[in-house]
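> Spelled out, the chains give:
Protein chains: 2
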Amino acid sequence: MAAETLSSQPNPFRLFSALSAYQLTLAIKSAVELDVFTHIADGANTVQEIARRATASEKGIRILCDFLTIQGFLTKQGATYGLAADAELFLSKRSPAYIGSIALFLAHSSHIENYLDLTASIRKGGTTHHEGNMGPENPIWVDFARYMAPMSAVGASALAGVVATPGASQKVLDIAAGPGAYGIAIARINPQAEIYGQDWKNVLEVSVEAARTAGVADRYHTIPGSAFDADLGTDYDLVLLPNFLHHFDHPTNVTLLKRVRAALKPGGRVATVEFVPNEDRVTPPMQASFSMMMLGSTAGGDAYTFNELDAMFRDAGFSRSTQQELTPSPQTLVLTEY
Amino acid sequence: MAAETLSSQPNPFRLFSALSAYQLTLAIKSAVELDVFTHIADGANTVQEIARRATASEKGIRILCDFLTIQGFLTKQGATYGLAADAELFLSKRSPAYIGSIALFLAHSSHIENYLDLTASIRKGGTTHHEGNMGPENPIWVDFARYMAPMSAVGASALAGVVATPGASQKVLDIAAGPGAYGIAIARINPQAEIYGQDWKNVLEVSVEAARTAGVADRYHTIPGSAFDADLGTDYDLVLLPNFLHHFDHPTNVTLLKRVRAALKPGGRVATVEFVPNEDRVTPPMQASFSMMMLGSTAGGDAYTFNELDAMFRDAGFSRSTQQELTPSPQTLVLTEY
Numbered sequence: 001m002a003a004e005t006l007s008s009q010p011n012p013f014r015l016f017s018a019l020s021a022y023q024l025t026l027a028i029k030s031a032v033e034l035d036v037f038t039h040i041a042d043g044a045n046t047v048q049e050i051a052r053r054a055t056a057s058e059k060g061i062r063i064l065c066d067f068l069t070i071q072g073f074l075t076k077q078g079a080t081y082g083l084a085a086d087a088e089l090f091l092s093k094r095s096p097a098y099i100g101s102i103a104l105f106l107a108h109s110s111h112i113e114n115y116l117d118l119t120a121s122i123r124k125g126g127t128t129h130h131e132g133n134m135g136p137e138n139p140i141w142v143d144f145a146r147y148m149a150p151m152s153a154v155g156a157s158a159l160a161g162v163v164a165t166p167g168a169s170q171k172v173l174d175i176a177a178g179p180g181a182y183g184i185a186i187a188r189i190n191p192q193a194e195i196y197g198q199d200w201k202n203v204l205e206v207s208v209e210a211a212r213t214a215g216v217a218d219r220y221h222t223i224p225g226s227a228f229d230a231d232l233g234t235d236y237d238l239v240l241l242p243n244f245l246h247h248f249d250h251p252t253n254v255t256l257l258k259r260v261r262a263a264l265k266p267g268g269r270v271a272t273v274e275f276v277p278n279e280d281r282v283t284p285p286m287q288a289s290f291s292m293m294m295l296g297s298t299a300g301g302d303a304y305t306f307n308e309l310d311a312m313f314r315d316a317g318f319s320r321s322t323q324q325e326l327t328p329s330p331q332t333l334v335l336t337e338y
Numbered sequence: 001m002a003a004e005t006l007s008s009q010p011n012p013f014r015l016f017s018a019l020s021a022y023q024l025t026l027a028i029k030s031a032v033e034l035d036v037f038t039h040i041a042d043g044a045n046t047v048q049e050i051a052r053r054a055t056a057s058e059k060g061i062r063i064l065c066d067f068l069t070i071q072g073f074l075t076k077q078g079a080t081y082g083l084a085a086d087a088e089l090f091l092s093k094r095s096p097a098y099i100g101s102i103a104l105f106l107a108h109s110s111h112i113e114n115y116l117d118l119t120a121s122i123r124k125g126g127t128t129h130h131e132g133n134m135g136p137e138n139p140i141w142v143d144f145a146r147y148m149a150p151m152s153a154v155g156a157s158a159l160a161g162v163v164a165t166p167g168a169s170q171k172v173l174d175i176a177a178g179p180g181a182y183g184i185a186i187a188r189i190n191p192q193a194e195i196y197g198q199d200w201k202n203v204l205e206v207s208v209e210a211a212r213t214a215g216v217a218d219r220y221h222t223i224p225g226s227a228f229d230a231d232l233g234t235d236y237d238l239v240l241l242p243n244f245l246h247h248f249d250h251p252t253n254v255t256l257l258k259r260v261r262a263a264l265k266p267g268g269r270v271a272t273v274e275f276v277p278n279e280d281r282v283t284p285p286m287q288a289s290f291s292m293m294m295l296g297s298t299a300g301g302d303a304y305t306f307n308e309l310d311a312m313f314r315d316a317g318f319s320r321s322t323q324q325e326l327t328p329s330p331q332t333l334v335l336t337e338y
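Same order as they appear, the protein sequences are chains A and B. 1 is the number of the first residue of the first sequence in my numbering; add one for each residue after it. 1 is the number of the first residue of the second sequence in my numbering; add one for each residue after it.
Source of the hints: derived by calculation from the structure; they are not laboratory data. Check the hints yourself; a few may be wrong.
Below are the DSS-like pairs computed for lysine-lysine, each with C-alpha atoms no more than 25 Å apart in a straight line [stated by the list, open to error]: (1) B:Lys76 / A:Lys124; (2) B:Lys124 / B:Lys201; (3) A:Lys59 / B:Lys124; (4) A:Lys59 / A:Lys76; (5) A:Lys93 / A:Lys76; (6) B:Lys93 / B:Lys76; (7) B:Lys59 / B:Lys76; (8) B:Lys59 / A:Lys124; (9) A:Lys201 / A:Lys258; (10) B:Lys124 / A:Lys76.
Non-contacting residues of chain A with respect to chain B, defined by C-beta distances greater than 12 Å in every case (computed) [as the list claims (entries may be wrong)]: (11) Ser30; (12) Thr55; (13) Ala97; (14) Asn138; (15) Thr165; (16) Val208; (17) Asp231; (18) Lys258; (19) Lys265; (20) Ala311; (21) Arg314; (22) Pro330; (23) Tyr338.
Covered, in the sense of this in silico footprint (three residues per stretch, anywhere, with C-beta under 8 Å from a C-beta of chain B), are these stretches of chain A [what the hints assert, rightly or not]: (24) 23-29; (25) 60-67; (26) 86-94; (27) 103-110; (28) 181-192; (29) 285-291.
Predicted model only: the values in this text are computed from it and were never measured. Just so it is clear, CB atoms sit at the ideal spot from N, CA and C, and this is done for glycine as well.
The whole structure should be built from the sequences, with the hints applied where relevant.
Structure below.
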């Protein structure tokens, strides 16, 4: 019966692919960990040679490389593997656009473990793990800061072009600074900018290191602790909120934004960077999908639409917000006046 | 720098999608667990109504349904969700072709946990968990038998059409019978067939239940235990090996096949059902991808090409094998004469 029904109908291959999709996530992560893309870029293009350089079994490398070929990240001609265009650009360490380290964060076991009982999270409307990833000094945020830095750099560069005020003094608070990219990008464009990076103490070590590398360490100050509890200081011209509001629900964000407003100079502004889906919540795909990331890993977070973000700011006493794209980053800049 | 490089080049969206692909696997599983596809088929097509029937939070259902819309398994018009064609066919319990239960096996936490350190498995060439899923009476095989039964039925129906001998007595050994589908399909076509199902004792409870449902329980006998140790009996006309050889390496399979040959009548034959990739090992995609499933979950298993399977049989003393497709199943039937 089933055979007859299936033969004249859509193929279940797409369903199988979806149910095996977790293997793709972890295959990419393993290939990054084993430097497979870089080895191939260096000319190792057979199972034997890749396995030797990766100190891995030939069987394991053969299965990994065939799988990545099927998935379109590698090519295979006879027994010779090559890199697909985007793998060569983003996943080989020989490329200046290398962002492979994001795999080490995005496919982190602790993320995936958050989804092993996704059904319970859907019933509840948030993670069922005690604090998700939001507990104090959770080491995953050190990983975030280190591994996601290349992605932050993309948005940070676009952001700084909009909000830095070269030639004028600028006191900037970077909330949940993480890799420090956003504040540092401003410091590089504006020699009169003083940046105050706030984050967990262990994470700020990464921000400070990045400030040192960028040559702006003398203008990079730190505020360790929680954004909800720490003394954030006052008289800021600009407060940065990169990728932070999505972790919390509306009332929690309003509480935070009231603190932010108190720290601003009258006339100052807030630059929020977020994945912002359209009002239909299903486009653009990457931004809209981000709500699933928040459902699994936070108690109250979400991917907020522009109108929802605007409402949070107004509930905290701010003026209306405006939005603009941070192309080529998939993120949106929301600017809010005091 | 990064921004300039990225802007004129391929978009990293495909990489992001791959690194988030595990969420798709678990979203489908949750939607099956919460009967979301069935609720929509029954006319519940808003967040509120689906959440009510699924006894889940509106936020969780909204994020799940939007995510499945982005992924193409649902549709969304305004605030109204609908089923994509393949979701309606395969994932609604109102469909006679429902196979949604496969999600409960394929996205089983124990499978996914096997991949959390895939890099170690690639180094080693097999699972780093003690026995993968292959330990005695591992309850996952009871889940397999229950949840994968609709898929087994597809291949079983095609298989029985080839190997059953209606009008002649037929003593059939079904190794690793699981849901019992293959042997039972033969028993239904051939009233003179006597089926001997071998599997772990806990799994055989599922096979026997299926034989009872099919009305062939009086001709369904059981051989509990390991295929490598149990007394398999003798004088079989036909031995079935559905989805078993892929769990083991070549020498282990040769050992097993020698036992199989000893259990056969001279002139009898073996019907092996497997995911069989082409010799290039990267096509067809579903069959070729199966090697990754085996790398993560078994110590020595693989998706074997026809030539590799043929070699195992010949090393065990058999004649040359032949192969044929089991359309619409993605699996291949390998027939081997004594």
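> So, for every hint listed, does it hold in this structure?
The hints, checked one at a time:
1. B:Lys76 / A:Lys124: holds, 23 Å
2. B:Lys124 / B:Lys201: violated, 31 Å
3. A:Lys59 / B:Lys124: holds, 8 Å
4. A:Lys59 / A:Lys76: holds, 16 Å
5. A:Lys93 / A:Lys76: Holds, at about 20 Å.
6. B:Lys93 / B:Lys76: This hinted pair holds, its Cα atoms lying about 21 Å apart.
7. B:Lys59 / B:Lys76: holds, 16 Å
8. B:Lys59 / A:Lys124: holds, 8 Å
9. A:Lys201 / A:Lys258: Holds, at roughly 23 Å.
10. B:Lys124 / A:Lys76: Measuring from Cα to Cα gives roughly 23 Å; hence the hint holds.
11. Ser30: At about 4 Å from chain B, Ser30 (chain A) fails to clear the 12 Å cut-off, so the statement is violated.
12. Thr55: violated, 7 Å
13. Ala97: It is violated; Ala97 (chain A) is separated from chain B by about 4 Å at its closest Cβ, not greater than 12 Å.
14. Asn138: Holds, because the least Cβ-Cβ distance between Asn138 (chain A) and chain B comes to about 18 Å, which exceeds 12 Å.
15. Thr165: holds, 20 Å
16. Val208: holds, 21 Å
17. Asp231: At roughly 33 Å from the nearest Cβ of chain B, Asp231 (chain A) sits farther out than 12 Å, so the non-interface label holds.
18. Lys258: Label holds. Min Cβ-Cβ 24 Å, cutoff 12 Å.
19. Lys265: holds, 29 Å
20. Ala311: Holds: least Cβ distance 16 Å, greater than 12 Å.
21. Arg314: holds, 22 Å
22. Pro330: violated, 7 Å
23. Tyr338: holds, 28 Å
24. 23-29: With 7 residues close enough to chain B, the hint holds.
25. 60-67: This one holds; 7 residues, not fewer than the three required, reach chain B with a Cβ under 8 Å.
26. 86-94: Since 4 is at least three, the answer is holds.
27. 103-110: holds (count 4)
28. 181-192: Our answer is that it is violated, as 0 residues pass the Cβ test (under 8 Å) against chain B, missing three.
29. 285-291: The restraint on the segment 285-291 of chain A holds, since 5 of its residues have a Cβ under 8 Å from chain B and three suffice.
Going down the numbered hints, you'll see the structure goes against 2, 11, 12, 13, 22, 28, while the others check out.
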